[in-house]
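As a plain string of letters, each chain reads:
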Amino acid sequence: MTAVVATSGLGKRYGRNWALSDCTLEIPQGHVVGLVGPNGAGKSTLLNLAVGLLSPSAGEIEVLGGRPASDPQQLGRVGFVAQDTPTFAGLSVGDHLRLGAHLNPGWDAELAEGRIAQLGLALDHRAGKLSGGQRAQLVLTLAVAKRPELLILDEPVASLDPLARREFLQILMETVAEHGVSVVLSSHLVADIERVCDYLVVLVASRVQVAGTIDDLLSSHVRLIGARHDMGSMPSNQEVIEESHTDRQSTILIRTDGPILDPRWTVEQVSLEDVVLAYMGQQSGERSSRRQRLAIRR
Amino acid sequence: MNRGMMIEFTLDTRTGVPPYLQLVQQVRRALRLDLLSEGDQLPTVKEVVARIAINPNTVLKAYRELEHDGLVAARPGVGTFVVKTLSDSTIAAHGPLRHELVRWLAKARRAGLDDESIEALFRDSFRASSAEGIA
Numbered sequence: 045m046t047a048v049v050a051t052s053g054l055g056k057r058y059g060r061n062w063a064l065s066d067c068t069l070e071i072p073q074g075h076v077v078g079l080v081g082p083n084g085a086g087k088s089t090l091l092n093l094a095v096g097l098l099s100p101s102a103g104e105i106e107v108l109g110g111r112p113a114s115d116p117q118q119l120g121r122v123g124f125v126a127q128d129t130p131t132f133a134g135l136s137v138g139d140h141l142r143l144g145a146h147l148n149p150g151w152d153a154e155l156a157e158g159r160i161a162q163l164g165l166a167l168d169h170r171a172g173k174l175s176g177g178q179r180a181q182l183v184l185t186l187a188v189a190k191r192p193e194l195l196i197l198d199e200p201v202a203s204l205d206p207l208a209r210r211e212f213l214q215i216l217m218e219t220v221a222e223h224g225v226s227v228v229l230s231s232h233l234v235a236d237i238e239r240v241c242d243y244l245v246v247l248v249a250s251r252v253q254v255a256g257t258i259d260d261l262l263s264s265h266v267r268l269i270g271a272r273h274d275m276g277s278m279p280s281n282q283e284v285i286e287e288s289h290t291d292r293q294s295t296i297l298i299r300t301d302g303p304i305l306d307p308r309w310t311v312e313q314v315s316l317e318d319v320v321l322a323y324m325g326q327q328s329g330e331r332s333s334r335r336q337r338l339a340i341r342r
Numbered sequence: 354m355n356r357g358m359m360i361e362f363t364l365d366t367r368t369g370v371p372p373y374l375q376l377v378q379q380v381r382r383a384l385r386l387d388l389l390s391e392g393d394q395l396p397t398v399k400e401v402v403a404r405i406a407i408n409p410n411t412v413l414k415a416y417r418e419l420e421h422d423g424l425v426a427a428r429p430g431v432g433t434f435v436v437k438t439l440s441d442s443t444i445a446a447h448g449p450l451r452h453e454l455v456r457w458l459a460k461a462r463r464a465g466l467d468d469e470s471i472e473a474l475f476r477d478s479f480r481a482s483s484a485e486g487i488a
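Same order as they appear, the protein sequences are chains Z and A.
Heads up, the numbering used here is the position in the first sequence plus 44, with the first residue counted as 1.
Heads up, the numbering used here is the position in the second sequence plus 353, with the first residue counted as 1.
I should point out that these hints are in silico values taken from the structure, not numbers from a laboratory.
The structure presented is a predicted model; accordingly, all values stated were derived computationally and were not measured.
Note that beta-carbon positions come from the ideal geometry of N, C-alpha and C, so glycine has one too.
A portion of the hints provided could be inaccurate.
[Claimed, not checked] Some, not all, of what chain A presents toward chain Z, calculated at C-beta under 7 Å:
#1 366
#2 399
#3 409
#4 484
[Claimed, not checked] Partial pick of chain A residues on the chain Z-facing surface, computed with a CB cut under 10 Å:
#5 364
#6 370
#7 378
#8 385
#9 388
#10 402
#11 403
#12 404
#13 405
#14 408
#15 471
#16 475
#17 477
Please construct the entire structure, taking both the sequences and the accompanying hints into account.
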């Protein structure tokens with residue numbers, strides 16, 4: 045199986061600051077992958093490196109088995125929707141389609157025109173006069189009509205109202221169902237990710253905290269609530285991701301591959317948001333010191 | 354309203370129930386309530402994703418699971434069709450089970466349990482017995 049994106053020790057430096065450092069990950073083919081993480085985790089940098097808009101300062105990145113933007117063929121295999129979905133304000137919708145046809149050898153004019161008609165956009169409408177939702181749809185149409193194998197979207201729906209957001213995701217999912225394209229999209233909206241993605245990568249400070257199919261993540265994480273518990277006595281197949289304690293009660297979120305047999309725990313299912321927040325709160329390598337800080341605060 | 358489509362799916366992302374399982378449960382519920390019967394076609398994957406904006410693999414996984422349970426069958430290039438209904442077999446069993454449950458509930462109340470305690474007790478026993486089933 046080929047990875048759509050594979051990185052090893054990948055880094056990008058601006059002057060003295062590393063926007064991304066020592067990032068190693070592998071994203072499998074045939075999924076709609078959600079990339080989440082706090083601001084500054086390096087998500088946009090990673091996606092810009094994947095489409096070849098940036099070049100790495102360290103390490104390696106392969107996209108669909110090739111180097112990003114290394115030749116016209118590679119460029120044609122990857123579609124990109126940048127943050128804030130930029131268009132040429134002075135050009136019309138029709139101009140954008142003509143531009144797409146000239147720049148992309150594999151351009152599917154029928155698909156592009158059909159999509160624009162379906163959206164009810166007039167070809168002579170200036171892009172600068174479109175609503176945010178319409179502009180996002182135009183940019184998605186351009187990215188899809190080049191018939192890429194991989195579609196990369198950097199927070200595509202962040203600035204859209206709920207209705208425009210839903211419409212954008214409907215079209216995106218229809219495209220996946222029709223053309224079987226792999227998708228990587230970054231977003232802060234976990235509810236959207238849970239709907240449209242089937243694979244999740246949580247990136248914190250350039251590190252992959254957890255990655256896997258969303259079904260696996262939901263079924264392998266549970267919240268346990270019970271009387272105050274000594275964490276040293278947890279079974280070996282239960283990894284504690286997040287814990288909080290009062291004098292009497294312990295609430296912990298664990299990752300496990302088996303049923304919870306200890307009758308002292310009340311077991312609760314967790315939402316994807318719970319899982320995401322637990323891993324985002326977990327600073328790599330700082331678990332023990334954080335526990336100490338909590339102990340001191342109490 | 355959407356003519357031609359027998360049922361419409363919804364998705365609740367606030368529960369911990371995986372999306373594919375929500376679709377499976379909705380089909381099973383429709384079968385149990387006779388909203389779907391043998392020969393009916395389930396919405397196509399493209400129809401479902403275009404309507405509720407969810408991942409196509411989620412729909413495929415749900416349909417595969419229903420197929421595995423012998424409830425639906427996929428006809429390649431045509432669609433997925435209901436081949437078995439759930440209403441008959443379960444309704445027959447409902448009566449006696451419900452009767453027993455009502456008696457048990459009355460007993461629990463006489464023992465001084467309030468609604469919340471009854472629910473907690475039920476949930477706890479339910480989980481214990483399904484965990485036994487797994488192990």
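Residue hint residue 477(A), partner chain Z, criterion CB-CB below 10 Å: holds, 8 Å
Supplied contact hint for residue 475(A), tested at 10 Å Cβ to chain Z: Cβ of residue 475(A) sits 14 Å from chain Z, so the hint is violated.
Status of the residue 364(A) interface restraint (C-beta, 10 Å, chain Z): Since chain Z brings a Cβ to about 6 Å from residue 364(A), closer than 10 Å, the hint holds.
Agreement of hint residue 408(A) with chain Z interface, Cβ distance less than 10 Å: With a minimum Cβ separation of about 5 Å from chain Z (threshold 10 Å), the hint on residue 408(A) holds.
Hint validity - residue 378(A) Cβ closer than 10 Å to any chain Z Cβ: violated, 14 Å
Interface hint outcome for residue 388(A) [beta carbon to chain Z under 10 Å]: violated, 24 Å
Closest C-beta approach of residue 399(A) to chain Z relative to 7 Å, hint status: holds, 5 Å
Agreement of hint residue 370(A) with chain Z interface, Cβ distance less than 10 Å: holds, 7 Å
Cut-off 7 Å, beta-carbon criterion: hint that residue 484(A) touches chain Z: holds, 5 Å
Evaluation of the interface hint that places residue 409(A) against chain Z, nearest CB under 7 Å: OK, holds: residue 409(A) within 7 Å of chain Z, min 4 Å.
Given hint residue 404(A) near chain Z, where the shortest CB pair must fall under 10 Å: holds, 7 Å
Interface hint compliance - residue 366(A) to chain Z, C-beta minimum distance less than 7 Å: holds, 5 Å
The structure fails hints 7, 8, 9, 15, 16 (numbered hints given earlier, in ascending order).
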